[in-house]
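A.B. asks: Note that the protein sequences, when read in sequence, are chains A and B.
The opening residue of the first sequence carries number 1 in this note's numbering; numbering runs sequentially from there.
The opening residue of the second sequence carries number 253 in this note's numbering; numbering runs sequentially from there.
Calculated from the structure, these hints are not laboratory results.
All of these numbers come straight from a predicted model, not from anything done at the bench.
Idealized CB from N, CA, C, for every residue including glycine.
Hints are supplied without guarantee of correctness; some may be wrong.
[Stated by the list, open to error] The following label-pair restraints were derived from C-beta to C-beta distances:
id : chain 1 : residue 1 : chain 2 : residue 2 : range
1  : B       : K290      : A       : P29       : 20 to 28 Å
2  : A       : I252      : B       : P294      : 23 to 31 Å
3  : A       : E133      : B       : A259      : 55 to 63 Å
4  : A       : R90       : B       : P380      : 22 to 30 Å
5  : B       : L559      : A       : P29       : 50 to 58 Å
6  : A       : I252      : B       : D316      : 21 to 29 Å
7  : A       : E85       : B       : R556      : 36 to 44 Å
8  : A       : D206      : B       : K290      : 54 to 62 Å
9  : A       : E20       : B       : G601      : 30 to 38 Å
10 : B       : I461      : A       : I27       : 37 to 45 Å
11 : B       : K290      : A       : I27       : 46 to 54 Å
12 : B       : F266      : A       : E20       : 25 to 33 Å
13 : A       : D12       : B       : G455      : 51 to 59 Å
Listed below are the residues making up each chain.
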Amino acid sequence: MNVVVCVKQIPDPATPYKLEEGTSWLIRPEDQVLDDTDRYGVEMGLQLAQESEGTVTLVSMGPTGNAQGIRQALAMGADRAIMIEDDGLRGSDALTTARVLAAAISSEAFDLVITGTESTDGYSGVVPQMIAELLGAPALTYATKVEVGDGVVTIHRQTAAGYDVVTSSTPAVVSVTAGVVEPRYPTFKGIMDAKKKPIENKTMSDLGVENRLAQEVAKITNAPEREAGRRIEDEGDAHTEIVALLEDRKVI
Amino acid sequence: MSEIVFAKPDPYDFLETDALLSEEETLLRDTVRDYVEKEINPHVADWWDEGVIPHAELAKAFGDLGMLGMHLEGYGCAGTSATAYGLACMELEAGDSGIRSFVSVQGSLVMFPIWKFGSEEQKQTWLPRMASGEIIGCFGLTEADSGSDPASMRTSAKRDGSDWLINGSKMWITNGSIADVAIVWARTDDGIRGFIVPSDTKGFAAPEIKKKASLRASVTSELILDDVRVPDEFLLPAVSSMRGPLSCLNEARFGIAFGAVGAARSCYESALAYAGEREQFNQPIGSFQLTQRKLVEMMVSVQRGTLVALHLGRRKDNGELTPEQVSFGKFDNVRNALEVARTARSILGANGITLEYPVFRHMANLETVFTYEGTNEIHTLVMGQAITGLNAFT
């Protein structure tokens, strides 16, 4: 089975993000890391491909930089990567991103496309569904478990109350939640092999897509400071009050 | 001429030594760091407290990563650079010196001599299973009465037909009681020879040394060899002098020069965080001049040690590193790490003596690292001889 995994290089979350004045676009340094949530998708793809001696191809959009983030995913065991980098894609919105990724994926022979649920820098959370629509493939989202066999993919979809079991034929697009599988550590051999693995660079014109921005960032404001918590003094009935609070927030 | 850039320095990498690493080295270093933070650090204080480590699980995990014998070529080994091996040691020892020792012994003291001095058959038999962590090894050189002067060893091997009979005992042997195989160095009629001794051989015993106040997350043992009979095929063919064990020690000491900096870095980071949070006289203790002096001394020491280690790594990768330069690294980086650990402990006050923080554990461990693999004194005399041309050993 051949799996395409969508991954993203993002600025190291340990360092503060910087936004460009005027456009409010995220400034992307040369050194970017693999979005941590993508490691789950890569691991899922590797497990499914390895069961059937298939391949894992990474597809990513954005400035390549030194490709350190992509090499992280290659070091885990992915076979090759396609990077779409184009100055014309700066500031692209979710729909443009999905169109670019779908165009790149459509030239691949794939049984499954795996994505995270949302990136850790953009958080739009809609790209996986858009890719599915553009590819004309079923979208199976928020998977906490994925199984594939005989041309059928089955997932457990996370819900507020538990999970739904969702199936479809392949090819399909599956977005996986963090924790769907435990990502492996890259092996030292994998790290050394990663630099020999092919990274294919493509531009918008290679894919025949244009950046038609449908949205613009109107305003950026800092998140409000978190308010201080409430203190409940225990006079024998604190537990009932705490349970009521938790129920109110649907935590329990 | 370029001008000085005004940018905010990184308190954790003041000189930006990370820039000296290749992309591949960075990824490998980050992988080990990530592994240590997730799989070692949450448990190591308990292991240390209880004096027990999950050795089989660790060996398997290290094998899966490719950490065991990582800088050796072939036979299932990862074949990384020496610098990469050093960086892995640095990250492991930021977790605990005992964990780094586990990996040092397997790779540098057991796999290395088989790889370097073993027959092709010995390499095929042992190295792949040691690289995967299926088999754990130990290194028997030191004896109760032969530490800094290993050539005075009493353990002997005598030919008996086509076999060898080994008699004697070894002391302070890391991984001894959990080892499947031991490299035993013994006196023979034709010099010091190395033997591969499976631990289930009749006459071989490895009682554990308990009641240690240092390296508690590490197994330390005595080896007893009572008429241990091994065939000639278990003899390492390619060396018959002290050059054999000493070349192994050079490998391990190289890793220690890196590792000690990792332990020191952990102590510095712990103290820096503590000094920022802990308030006395209504202000963080990090605002006091005396504390800032300590923090800066620690930071400078860690950065300097990193530079020395990386320099040695580059020289080793170029095939230029001398044993005397390894002594420089072991001598200076370990003594400085110990000083950093003690200083960090003084910043943490009473909290510093608990296992809630890593500093006392590192400090107690480093007391061992200070004297094993060549005491500070021996490395001093190695360098002393190198610069004066005069031998102070005899």
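A.B. asks: Holds or violated: the 46 to 54 Å window for the beta-carbon distance between K290(B) and I27(A)?
C.D. replies: Roughly 30 Å apart at Cβ, these two residues miss the hinted range, so it is violated.
A.B. asks: Assuming the hint says 23 to 31 Å, is it satisfied by the Cβ distance from I252(A) to P294(B) or not?
C.D. replies: Between I252(A) and P294(B), where Cβ atoms are some 26 Å apart, the hint holds.
A.B. asks: Using the Cβ atoms, figure out if D206(A) sits within 54 to 62 Å of K290(B).
C.D. replies: Once the Cβ atoms are compared, 39 Å apart, the range 54 to 62 Å for K290(B) and D206(A) is violated.
A.B. asks: Evaluate the given range 36 to 44 Å for the C-beta pair formed by E85(A) and R556(B).
C.D. replies: holds, 40 Å
A.B. asks: For the hint 30 to 38 Å, verify it against the beta carbon of E20(A) and that of G601(B).
C.D. replies: The hinted range 30 to 38 Å is violated for E20(A) and G601(B), with Cβ atoms some 46 Å apart.
A.B. asks: Evaluate the given range 20 to 28 Å for the C-beta pair formed by K290(B) and P29(A).
C.D. replies: Once the Cβ atoms are compared, 25 Å apart, the range 20 to 28 Å for P29(A) and K290(B) holds.
A.B. asks: Does the Cβ distance between L559(B) and P29(A) fall inside 50 to 58 Å?
C.D. replies: Violated: the Cβ-Cβ distance is about 24 Å, outside 50 to 58 Å.
A.B. asks: Range first: 55 to 63 Å. Now tell me if the beta carbons of E133(A) and A259(B) are that far apart.
C.D. replies: violated, 45 Å
A.B. asks: Is the hinted range of 51 to 59 Å satisfied by the C-beta distance from D12(A) to G455(B)?
C.D. replies: Hint holds: Cβ distance 56 Å, inside 51 to 59 Å.
A.B. asks: Has the hinted range 21 to 29 Å been met by the Cβ atoms of I252(A) and D316(B)?
C.D. replies: Between I252(A) and D316(B), where Cβ atoms are some 38 Å apart, the hint is violated.
A.B. asks: Quick one: are R90(A) and P380(B) within 22 to 30 Å, going by C-beta?
C.D. replies: Taking Cβ atoms as reference, R90(A) and P380(B) lie about 50 Å apart, which means the hint is violated.
A.B. asks: Does 25 to 33 Å hold as the CB distance between F266(B) and E20(A), or does it fail?
C.D. replies: The hint (25 to 33 Å, Cβ to Cβ) holds, given that F266(B) and E20(A) are roughly 29 Å apart.
The structure fails to meet hints 3, 4, 5, 6, 8, 9, 10 and 11 from the earlier list, while all remaining hints are met.
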